[in-house]
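Q: Listed here are the chains, written in short residue letters.
There are 2 protein chains.
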Amino acid sequence: MNIPQSSFKRVIIIGGGFGGIALAKKLCKKEFQVVLMDKNNYHTFQPLLYQVSTGGLEPDSIAYPIRKVLQGYPDFYFRLAEVLEVDVTKNIVHTNIGDLKFDYLVVATGTETNFFGNRELEKNSMAMKTIPQSLNLRSLILENFEQALLTDDYHEREALMNFVIVGGGPTGVELAGALAEIKKGILPKDYPDLDTRRAQINLVQGSDRLLPAMSEIASRKAEDFLEQLGVHVWKNIRVESYDGNLATTNTDTTFETATLIWAAGVKAITLKGLDAGDLLSRSQRLLVNEYHQINGFEHIFAIGDVAQMESSDYPFGHPMMAQPAMQQGENLGENLVRLSEGKALKPFQYRDKGSMATIGRNKAVADLPKFKFQGVFAWFVWMFVHLYFLIGFRNRLVVFINWVYNYVKFDREARLIIRPYKRKYKTQLD
Amino acid sequence: MNIPQSSFKRVIIIGGGFGGIALAKKLCKKEFQVVLMDKNNYHTFQPLLYQVSTGGLEPDSIAYPIRKVLQGYPDFYFRLAEVLEVDVTKNIVHTNIGDLKFDYLVVATGTETNFFGNRELEKNSMAMKTIPQSLNLRSLILENFEQALLTDDYHEREALMNFVIVGGGPTGVELAGALAEIKKGILPKDYPDLDTRRAQINLVQGSDRLLPAMSEIASRKAEDFLEQLGVHVWKNIRVESYDGNLATTNTDTTFETATLIWAAGVKAITLKGLDAGDLLSRSQRLLVNEYHQINGFEHIFAIGDVAQMESSDYPFGHPMMAQPAMQQGENLGENLVRLSEGKALKPFQYRDKGSMATIGRNKAVADLPKFKFQGVFAWFVWMFVHLYFLIGFRNRLVVFINWVYNYVKFDREARLIIRPYKRKYKTQLD
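Which chain is which? The protein sequence lines are C and P, in order. Residue numbers 1 to 430, in this note's numbering, belong to the letters of the first sequence in order. Residue numbers 1001 to 1430, in this note's numbering, belong to the letters of the second sequence in order.
Next up, chain C with everything else stripped away, as it sits in the complex:
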């Protein structure tokens, strides 16, 4: 793979998400050769993907070129590559652009949308885990309204304006809120010749509360906010099938819809050669010890969403969020230095900084370790925190300006169908 030999030990990091980048930043300053591989040439700030889908932000301002983050480090190499297999006996990573030996390997591949094996659902519904997926959803939402204008068929028009979001975690809640704001603030002005009051946003949650990873008060308040915005919240209902037209559930409730967004689960992106049953948790994440080492290996690690470090505080691993991934990347970076110096490793300790979700303008919920709050202040804190963790000064500035603009003008100007998604909907029911 054209990577020169170095006098330093070679660490291969697979994945340029929050964990991989944090680790690479740490290691590049030390005596290591660092090779970071990713399928994309950019880091994605996933928490803001829903704003790309809803025309509030441009994709370019929540992405950042990986080469740029790590520019200037002499023994750093980025490779745009897809990993095909890991050979753990020979310590080689096989990729679509060639093979490479490693001294240390870190798997930081993250997660992808989990359709739990339901092919029909996967084919017909929209996911929102990557920038291209978010742009497809943006296009489809806008195309639906353009198409709704044209039809005389009552069912077809209703279905085109009916959005069903499955999954009441942060992604589902934030997307539902954003769509509700579009319905209220933008649709009546953009589509005066369409009765946009009939647009519906349905949020379907399998369990008995939204945001199950947050506090009860946050859940309750998030539901209140969504209902104030006109979102229909359905609890204790699981969507079981969707043929592109009709979504059925485990109850009598069904939804006739042209757009089903699936935010009801993620699964770890595992690699061939590191996917044996005894390496994986029940939810298919890579089991790791308190030093991020994968079962049975001293020099192969996993961090971030793909890893499951079980402890008494976190029996099912840490929450799948940016914070644990970044902290793990930093901890592993320090430990690799210790390892090479023959020092004892420091077990990972997660410092919970809390979690937040935003529902709409002036409406957010925040659970911090010491106190929980909701409303306007939580919303400002949410914005500040997200700006802070965005990579790159330009990105921060552009996102900030968009937010100020959207706030002052009640608008979202990036409602552009740059690449049409072109799934023409036709009702099959009447």
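Each hint should be verified, as a subset may be incorrect.
[Claimed, not checked] Within a straight-line C-alpha distance of at most 30 Å, the following computed DSSO-like cross-link-like pairs (lysine-lysine) qualify: (1) C/Lys272 <-> P/Lys1189; (2) P/Lys1029 <-> C/Lys189; (3) C/Lys39 <-> P/Lys1189; (4) P/Lys1184 <-> C/Lys25; (5) C/Lys123 <-> P/Lys1422; (6) P/Lys1267 <-> C/Lys26; (7) C/Lys129 <-> P/Lys1039; (8) P/Lys1272 <-> C/Lys189; (9) C/Lys422 <-> P/Lys1422; (10) C/Lys39 <-> P/Lys1129; (11) C/Lys189 <-> P/Lys1025; (12) C/Lys25 <-> P/Lys1189; (13) P/Lys1030 <-> C/Lys184; (14) P/Lys1422 <-> C/Lys272; (15) P/Lys1267 <-> C/Lys422; (16) C/Lys184 <-> P/Lys1026; (17) P/Lys1029 <-> C/Lys184; (18) C/Lys30 <-> P/Lys1189; (19) P/Lys1026 <-> C/Lys409; (20) P/Lys1123 <-> C/Lys39; (21) P/Lys1422 <-> C/Lys129; (22) P/Lys1039 <-> C/Lys184; (23) C/Lys26 <-> P/Lys1409.
[Unchecked claim] Label pairs and their calculated CB-CB ranges: (24) C/Arg282 <-> P/Arg1198: 36 to 44 Å; (25) C/Arg197 <-> P/Gln1005: 22 to 30 Å; (26) C/Val404 <-> P/Ser1340: 39 to 47 Å; (27) C/Leu246 <-> P/Lys1090: 35 to 43 Å; (28) C/Gly375 <-> P/Glu1341: 55 to 63 Å; (29) C/Gly265 <-> P/Asn1002: 33 to 41 Å; (30) P/Lys1426 <-> C/Ser207: 50 to 58 Å; (31) C/Phe380 <-> P/Lys1272: 50 to 58 Å; (32) C/Asn2 <-> P/His1232: 42 to 50 Å.
Don't read these hints as lab results, they were simulated from the structure. The beta carbon of each residue, even a glycine, is placed where N, CA and C say it ideally should be.
Go by the hints and put chain P onto chain C.
A: Just chain P, lined up with the frame of chain C:
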């Protein structure tokens, strides 16, 4: 097409470019029903496409939702539609979403890239007239460097880093300058493991000077600037074929390149039913009289790049730029009011405000009616004028911030391969 009958006369405008938008803005304030059709739901600010291709700007900030520009006008309708045919006897426009009768029809479809019938060239080269095309080019440029890193083949690596731009008009000149700046400022930092000094930018012009529509001094100065930036300028050479690997010309000169960008010609986008030979100029533009009326029609008009209004000052029509299109849109708007009031029409008079091109930081050329200047001042004027004519306050602000950032940091952060173009190059020569 679900457009309600109105007591006002119906004007159908085909195309939401500079001309179509200027006209619609004018007419919406008067007693007309205005129906604007476009293939996209956004207006494209074409003069800045080359900055999207070179990672300097995000696509969303040079596009603007058409519905938003004309929000709030009671008898305005936008339709996302492709026009299939115009029936000039029955006064009906046929589209992919249905038919619509008109009282007045305005063709403002603009131009597309002209490959002069050379299919091989069209298949293998990149065009840059639309946002998706510009994003494809952005992806390809970046993919080329990622691929150049991987090969041990000398010819292949050289060809991947060799960019051939055909056409020395503003598009070709501005793109060549931007690529040269990337070569100098970004490649060495992003690709320290690649000898990026070997990257080449070739600009090939068929005639004996660049920017032939501008003054001699502007042409000379633009060429100077490009050579200072390290661009190879080839004059009096016409590229005749390109098989994806080797470009041949009408001379002995050939270019082995993985990327040929074709900016050597445009052609009018004509419509079936309005494409009879006697309606078209030699360059296939719609011939119009001084009231923008198409030959033989009182109520069918053409404006902008697609129209050719021949006069003693402009024997081959007005220059294909934003200014004439906008002025024509405004003039036609006033004339349609006069027509409906039974008043005499006012012939169109083009007020030449000059033209400009930018080559790089602090390097631009400007021909204003009263004086011509080049260098830093021209560059600032160029930026100011482009910001002024961008639609939308948010777009202006975001573009401005990007420019300040890029200027101060010598950087362009939108170097993202959001959707890979994936044309894997393989040299066929060695």
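Q: Would you mind marking each hint as holding or not holding in the structure?
A: Each hint, compared with the structure:
A distance of roughly 34 Å separates the Cα atoms of C/Lys272 and P/Lys1189; the hinted pair therefore is violated under the 30 Å criterion. Proposed proximity of P/Lys1029 and C/Lys189 is supported: the alpha carbons are some 17 Å apart, at most 30 Å. With a C-alpha separation of about 21 Å, the suggested pairing of C/Lys39 with P/Lys1189 holds against the 30 Å cut-off. A hinted pair counts as satisfied when its Cα atoms are at most 30 Å apart, and P/Lys1184 with C/Lys25 qualifies at roughly 25 Å.
For the given pair, C/Lys123 sits about 23 Å from P/Lys1422 by alpha-carbon distance, which is consistent with the 30 Å threshold. A threshold of 30 Å between alpha carbons decides the hint, and for P/Lys1267 with C/Lys26 the separation of about 54 Å lies outside it, so the pair is violated. About 28 Å separates the Cα atoms of C/Lys129 and P/Lys1039, which keeps this hinted pair within 30 Å; it holds. For the proposed pair P/Lys1272 and C/Lys189, the alpha carbon gap of about 34 Å is over 30 Å, so the pair is violated.
About 21 Å separates the Cα atoms of C/Lys422 and P/Lys1422, which keeps this hinted pair within 30 Å; it holds. Between C/Lys39 and P/Lys1129, the direct Cα distance comes to roughly 28 Å. Compliance with the 30 Å bound is thereby established for this hinted pair. Restraint check for C/Lys189 and P/Lys1025: satisfied, since their Cα atoms lie roughly 16 Å apart, inside the 30 Å limit. The straight-line distance between the Cα atoms of C/Lys25 and P/Lys1189 is roughly 16 Å, inside the 30 Å bound, and the hint therefore holds.
With a C-alpha separation of about 29 Å, the suggested pair P/Lys1030 and C/Lys184 falls inside the 30 Å cut-off, and the hint holds. With a CA separation close to 24 Å, the supplied pair P/Lys1422 and C/Lys272 stays within the 30 Å bound. Distance restraint check for P/Lys1267 and C/Lys422: the Cα-Cα separation of roughly 27 Å lies within the 30 Å cut-off, and the hinted pair is therefore satisfied. Only pairs whose Cα atoms come within 30 Å are accepted, and C/Lys184 paired with P/Lys1026 is accepted, the gap being roughly 28 Å.
With a CA separation close to 26 Å, the supplied pair P/Lys1029 and C/Lys184 stays within the 30 Å bound. Between C/Lys30 and P/Lys1189, the direct Cα distance comes to roughly 20 Å. Compliance with the 30 Å bound is thereby established for this hinted pair. Of the pairs offered as hints, the one joining P/Lys1026 and C/Lys409 holds, with about 24 Å between alpha carbons and a cut-off of 30 Å not exceeded. For the hint linking P/Lys1123 to C/Lys39, the alpha-carbon distance of about 27 Å falls within 30 Å, and the restraint holds.
About 21 Å separates the Cα atoms of P/Lys1422 and C/Lys129, which keeps this hinted pair within 30 Å; it holds. Restraint check for P/Lys1039 and C/Lys184: the C-alpha separation of about 26 Å stays at or below 30 Å, so the hint holds. Restraint check for C/Lys26 and P/Lys1409: satisfied, since their Cα atoms lie roughly 24 Å apart, inside the 30 Å limit. Separation of C/Arg282 from P/Arg1198 is about 53 Å and departs from the stated range, judged on CB atoms against 36 to 44 Å.
Distance hint for C/Arg197 and P/Gln1005: a CB-CB separation of about 24 Å, consistent with the stated range 22 to 30 Å. Taken as a hint, the range 39 to 47 Å holds for the pair C/Val404 and P/Ser1340, whose Cβ atoms sit roughly 43 Å apart. About 41 Å separates the C-beta atoms of C/Leu246 and P/Lys1090, a value consistent with the hinted range of 35 to 43 Å. A hinted range of 55 to 63 Å holds for the C-beta pair C/Gly375 and P/Glu1341, which are about 56 Å apart.
Taken as a hint, the range 33 to 41 Å holds for the pair C/Gly265 and P/Asn1002, whose Cβ atoms sit roughly 40 Å apart. For P/Lys1426 and C/Ser207, the hinted distance range of 50 to 58 Å is satisfied, since their beta carbons lie about 53 Å from each other. Against the hinted window of 50 to 58 Å, the Cβ-Cβ separation of C/Phe380 and P/Lys1272 comes to about 56 Å, which satisfies the hint. The beta-carbon spacing between C/Asn2 and P/His1232, approximately 28 Å, falls outside the hinted interval of 42 to 50 Å.
Of the numbered hints given earlier, the model fails hints 1, 6, 8, 24 and 32; all others are met.
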